[in-house]
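There are 2 protein chains.
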Amino acid sequence: MNRTQLIENIRKKGSFLCVGLDTDIKKIPEHLRANKDAVFEFNKAIIDATAPYCVAYKPNTAFYESRGVKGWEDLDRTVEYIRNNYPDQFIIADAKRGDIGNTSSLYARAFFENLDVDALTVAPYMGFDSVKPFMEYEGKWVILLALTSNPGSRDFQFLNDVTGTRVFEHVLETARKWGDADNLMFVVGATQGAMFSEVRRVAPDNFLLVPGVGAQGGSLEEVVKWGINRDCGLLVNSSRGIIYASQGEDFAEAAASEARKLRDHMTILLSVHGIV
Amino acid sequence: MNRTQLIENIRKKGSFLCVGLDTDIKKIPEHLRANKDAVFEFNKAIIDATAPYCVAYKPNTAFYESRGVKGWEDLDRTVEYIRNNYPDQFIIADAKRGDIGNTSSLYARAFFENLDVDALTVAPYMGFDSVKPFMEYEGKWVILLALTSNPGSRDFQFLNDVTGTRVFEHVLETARKWGDADNLMFVVGATQGAMFSEVRRVAPDNFLLVPGVGAQGGSLEEVVKWGINRDCGLLVNSSRGIIYASQGEDFAEAAASEARKLRDHMTILLSVHGIV
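First to last, the protein sequences are chains A and B. The opening position of the first sequence corresponds to residue 0 in numbering that gives the first Met the number 0, with each subsequent residue numbered one higher. The opening position of the second sequence corresponds to residue 0 in numbering that gives the first Met the number 0, with each subsequent residue numbered one higher.
Keep in mind that the hints were calculated from the coordinates and are not lab data. All C-beta atoms, glycine included, are put in the ideal place defined by N, C-alpha and C. Treat the hints loosely; a few may be bogus.
[Unchecked claim] Quick list of in silico lysine-lysine cross-link-like pairs, DSSO-like style, CA-CA up to 30 Å:
id, chain 1, residue 1, chain 2, residue 2
1, B, LYS25, A, LYS69
2, A, LYS139, B, LYS69
3, B, LYS69, A, LYS35
[To be verified] Stretches of chain B that chain A covers, calculated by requiring three or more beta carbons in the stretch to come under 8 Å of a beta carbon on chain A:
id, stretch
4, 57-67
5, 83-91
6, 114-127
7, 138-149
8, 159-165
9, 224-230
All chains, full assembly: derive it from the sequences and hints.
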């Protein structure tokens with residue numbers, strides 16, 4: 000999916016919500032667990048219930064890998080289900096991959112040819128040749144970790160050089176030479192609050208994928224206040240707050256209701272900023 | 000496998016060689032490709048041929064993921080084959096994972112419970128909570144990226160802070176507070192040459208996993224000169240130079256011959272340093 004289509008979908012739906020499909024078999028409702036396709040059936044119900052309110056889905060690969068071959072089958076089927084039934088959804092594999100160039104090409108093959116998602120999250124530590132192979136696919140996106148939502152983000156991302164430039168700013172500045180706003184987004188955690196304005200100083204046009212609203216404590220209003228640009232430029236993710244909204248048989252309706260609430264809030268914010 | 004056993008195996012075999020099972024189906028000998036288990040059959044032959052000369056195997060997950068569910072089956076079977084037939088081999092999944100704490104726990108489940116490897120390579124960018132979950136498994140190891148072998152290592156790993164400390168040194172120093180020489184190794188690329196002495200200044204006791212000898216241009220002698228410690232403290236990896244030594248029907252013998260050459264060179268170096 001290209002940038003124009005993504006922006007159009009955001010405008011049409013009044014939403015920049017991404018639903019995180021972090022489906023842990025140990026956390027899905029009791030009544031589904033006996034089903035041999037429990038994870039896929041759970042995802043299917045969540046997707047059908049939330050699709051009207053979001054523009055993107057983001058399965059995190061760890062949840063699927065943790066179940067080995069069966070997990071990869073579920074991931075495959077989930078992506079295929081979204082593709083076939085909701086072709087206007089942007090699909091992100093949250094895999095945080097990255098390796099020497101030769102090897103990153105194989106991850107690109109895995110995610111952009113076989114699984115056929117729109118975007119992949121990539122870790123920046125290994126530098127340009129670990130990222131470039133993902134940019135060689137027309138219409139596909141790299142979403143590079145810049146400032147993450149977790150407590151450990153303080154360990155290395157904020158280290159300062161002699162000019163006062165921090166590591167995450169180097170990542171933003173350097174990576175913008177490798178790609179552009181049409182194939183490169185950045186991960187910036189919702190918990191980083193006012194740091195969004197520093198990110199926007201360096202990367203005014205790139206879309207930002209924003210995890211950490213909800214369970215991790217980030218605020219949607221703060222994110223929008225500092226992070227929005229004229230195209231919206233934000234995909235705000237919620238995982239646990241939506242998919243585990245209820246542990247009962249009403250889990251899908253409860254997920255829909257949480258997604259709808261976030262969409263309604265987003266529509267107001269988009270309207271305040273003159274985007275819808 | 001614990002540190003004592005690993006050191007004992009190195010002494011016994013006169014080798015600190017790790018064979019990288021970076022098996023690309025497009026690069027294995029013609030006569031095997033028609034076999035539906037081509038990758039597993041190739042790995043099995045390589046393992047049987049090289050096991051006398053090495054102490055570790057390192058499948059890089061990208062090569063398996065690039066083939067989807069079938070690839071994960073091959074990885075599973077390969078690890079199981081090594082476990083069952085060569086229980087003294089240290090098995091490393093070169094996956095370069097890392098995510099927020101909650102999610103890293105699931106990667107730990109994938110690699111340390113299901114796949115049951117001894118060690119996993121982990122990317123440091125997200126900090127302590129992305130690394131700690133892997134350290135909660137008794138007898139398992141984190142191998143943290145510090146200074147990688149690729150050209151992109153120059154982009155962020157060498158950034159200097161106000162005190163002249165570089166990012167990779169911060170990674171070494173900080174990570175040593177999370178683990179110790181019994182559960183934490185570092186990746187340092189063979190192409191980094193004299194930088195090994197800087198690494199050893201900060202991390203004198205930790206094992207270093209060293210890729211980049213052979214195809215990437217690193218020198219075994221340089222690595223040993225600057226990187227060896229009293230326990231050896233090195234696992235030097237070779238992938239392409241061994242597993243693709245021949246494209247013909249003699250691929251396994253050719254691999255054995257390359258591995259033996261490296262082992263012979265390593266035995267001499269270990270002897271020079273009084274370790275065997």
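Here's how the hints hold up against the structure:
{"no.": "1", "hint": "LYS25/B - LYS69/A", "verdict": "25 Å, holds"}
{"no.": "2", "hint": "LYS139/A - LYS69/B", "verdict": "24 Å, holds"}
{"no.": "3", "hint": "LYS69/B - LYS35/A", "verdict": "19 Å, holds"}
{"no.": "4", "hint": "57-67", "verdict": "holds (count 7)"}
{"no.": "5", "hint": "83-91", "verdict": "violated (count 0)"}
{"no.": "6", "hint": "114-127", "verdict": "holds (count 7)"}
{"no.": "7", "hint": "138-149", "verdict": "holds (count 4)"}
{"no.": "8", "hint": "159-165", "verdict": "holds (count 3)"}
{"no.": "9", "hint": "224-230", "verdict": "violated (count 0)"}
Hint compliance for this structure: hints 5 and 9 are broken, all remaining hints hold.
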